[in-house]
Amino acid sequence: MAGSRLRDQKGLTIIDAVITICIIGVLFGVVIPKYERMAHEAQESALKAALSNIRTSIRLFKMLNNRNPDSLNQLIEKNVMLPARTGSDPYTGSIIDQKYLMLIATDSKGNIIDAFGNPFVYDIFRGEVRSTTEGCETW
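Under the working numbering, the first residue of the sequence shown carries the number 1, and numbering increases by one thereafter.
Think of the hints as simulated: they come from the structure by calculation, not from any bench. Predicted, not measured: the structure shown is a model, and the values here were computed from it. Be aware that a few hints might be false.
Claimed, not checked - Per label pair, the in silico range of CB-to-CB distance:
{"id": "1", "residue 1": "Gly25", "residue 2": "Ile104", "range": "21 to 31 Å"}
{"id": "2", "residue 1": "Asp123", "residue 2": "Arg37", "range": "31 to 41 Å"}
{"id": "3", "residue 1": "Phe125", "residue 2": "Thr56", "range": "18 to 28 Å"}
All residues carry an ideal CB built from backbone N, CA and C; glycine is no exception.
Work out the full structure: start from the sequences and follow the hints.
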């Protein structure tokens with residue numbers, strides 16, 4: 001009577017638990033590397049976009065001030081006033097008063113950093129900016 005009661009009970013055996021753990025391990029082995037690769041690609045895309053925005057801001061600053069900015073921080077500190085059209089009337093307008101570059105992220109020293117957490121390098125004489133992230137220095 002006691003033996004038949006044990007056979008009728010439903011539950012996980014050790015073999016069921018081991019198989020479940022193996023399946024979960026295989027899923028993690030496939031999903032985590034793919035996630036890490038996708039996260040790295042997203043950081044690279046964010047870095048390319050940030051470089052493009054900074055370079056555009058440097059060109060705008062130079063066009064309006066006839067010189068390169070003294071630092072990248074000057075782009076996030078100094079305001080620029082640009083005309084803007086409001087509504088559908090081409091002859092009405094207003095002035096947009098914004099920064100040359102919106103602050104994205106800075107490190108503890110106040111340097112603008114990229115999506116990987118590394119600071120950008122700015123050459124004041126050439127007006128060029130580049131990343132210090134390994135593998136992205138030539139972008």
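- Could you check the structure against the hints above and give me the numbers of any it violates, in ascending order? 1
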